[in-house]
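Could you put the whole structure together from the sequences, leaning on the hints where they help?
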Amino acid sequence: MYKSWWKILGAVLVMYSTIAGFLASVPPLPILHQSIRNLYFHVPMWFAMIVLFTISVVQSIKYLSSNNQINDSKAVQSVNAGIIFGILGLVTGAVWARFTWGQAWSFDVKQNFAAIAMLLYFAYLILRNAIDEEQKRAKISAIYNIFAFPMMVVLLFVLPRLSDSLHPGNGGNPGFNAYDLDSRMRMVFYPACLGWILIGYWIYTILFRVSALEKNK
Amino acid sequence: MKKFTTTLLMLMLTLQLFAQGEGSAIADTLAGSEKIYVVVTCVAIILIGLLAFLFSIERRLKKLEKKS
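Residue numbers (the numbering used here), protein chains in the order written: chain A, 12 to 228; chain B, 511 to 578.
If you're looking for bench data, these hints aren't it; they were derived computationally from the structure. Mixed in with the good hints there might be a few duds.
As the list claims (entries may be wrong) - Examples of chain A residues lying across from chain B (beta carbon under 7 Å, computed):
(1) F110
(2) Q114
(3) F118
(4) L224
(5) N227
Unchecked claim - Quick list of simulated restraints, FRET-style, between CB atoms:
(6) A/Y201 <-> B/V550: 34 to 40 Å
(7) A/Q146 <-> B/L560: 15 to 21 Å
(8) A/F133 <-> B/V550: 28 to 34 Å
(9) B/L560 <-> A/M198: 21 to 27 Å
(10) B/S578 <-> A/F168: 43 to 49 Å
(11) B/L560 <-> A/D193: 24 to 30 Å
(12) B/K577 <-> A/A115: 23 to 29 Å
(13) A/L170 <-> B/K572: 42 to 48 Å
(14) B/L560 <-> A/L40: 36 to 42 Å
(15) B/E544 <-> A/W17: 34 to 40 Å
(16) A/L170 <-> B/E575: 19 to 25 Å
(17) A/A141 <-> B/V550: 37 to 43 Å
(18) B/I567 <-> A/N140: 18 to 24 Å
Since the model is a prediction, treat every value here as computed from it, not as a measurement. Note that CB positions come from ideal geometry on N, CA and C, so glycine has one too.
Written as structure tokens, this is what we have:
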């Protein structure tokens with residue numbers, strides 16, 4: 012957590028993916044045109060969010076087995092960091108949808124379920140604020156978190172596949188493979204995902220360290 | 511006068527044909543230039559979000575510094 016090599020790696024990968032994301036060539040696509048480059052910015056937000064929520068659920072399980080408040084603090088701070096990325100993903104998705112699907116919010120299944128998944132985690136934070144006793148708060152919210160995580164996975168990856176969606180890879184639509192069969196796009200997309208995940212983890216460590224300092228005061 | 515009207519009507523007919531040639535029905539400013547500005551907007555939103563996060567951390571640190 013305190014070493015800096017992975018922070019530098021994350022920064023370099025994000026820099027590379029941003030520059031290459033704007034300058035590298037993309038396959039010609041109807042409707043999407045150049046906006047397919049959003050793949051390097053919108054999708055990594057969600058990957059970062061999912062990794063942060065995974066960290067949170069792992070810390071919650073650790074809390075239940077160890078009763079160590081540090082694990083509880085890590086769980087809540089990774090949810091805080093994950094929500095930043097979730098909101099950024101929703102907003103960038105709405106902008107992208109406005110100019111390719113015609114409406115910012117077209118009640119596409121994946122859009123709706125992503126919003127509900129965010130609400131699940133808002134509920135987690137509200138639940139925490141509602142309980143005053145520290146031990147009780149940590150235990151109840153850890154259990155809630157363990158239920159919320161599989162719900163989030165089902166909402167984002169299972170249910171959208173069962174019905175028609177405008178998102179690629181869901182319903183009758185082809186997956187991203189149809190777009191980035193182009194190996195040049197993969198060369199940008201995968202580093203972008205890794206880079207943003209590392210940046211997300213960095214944000215989480217900063218939040219955790221600040222909150223630890225606040226507690227010691 | 512009749513000829514003029516016919517010519518005008520013919521012109522309008524071709525205009526319509528040109529309009530169909532544009533392809534997408536969404537003709538917004540951001541949709542221009544092959545929609546590259548959509549990407550620019552999204553990158554700007556991400557930057558604004560991260561900068562807002564920086565400011566919030568800054569505020570919390572300031573409080574800590576005041577206390578110590």
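Let me make sure I understand: some of the numbered hints might not hold for this structure. Which ones are they, in numerical order? 2, 3, 5, 6, 7, 12, 14, 16
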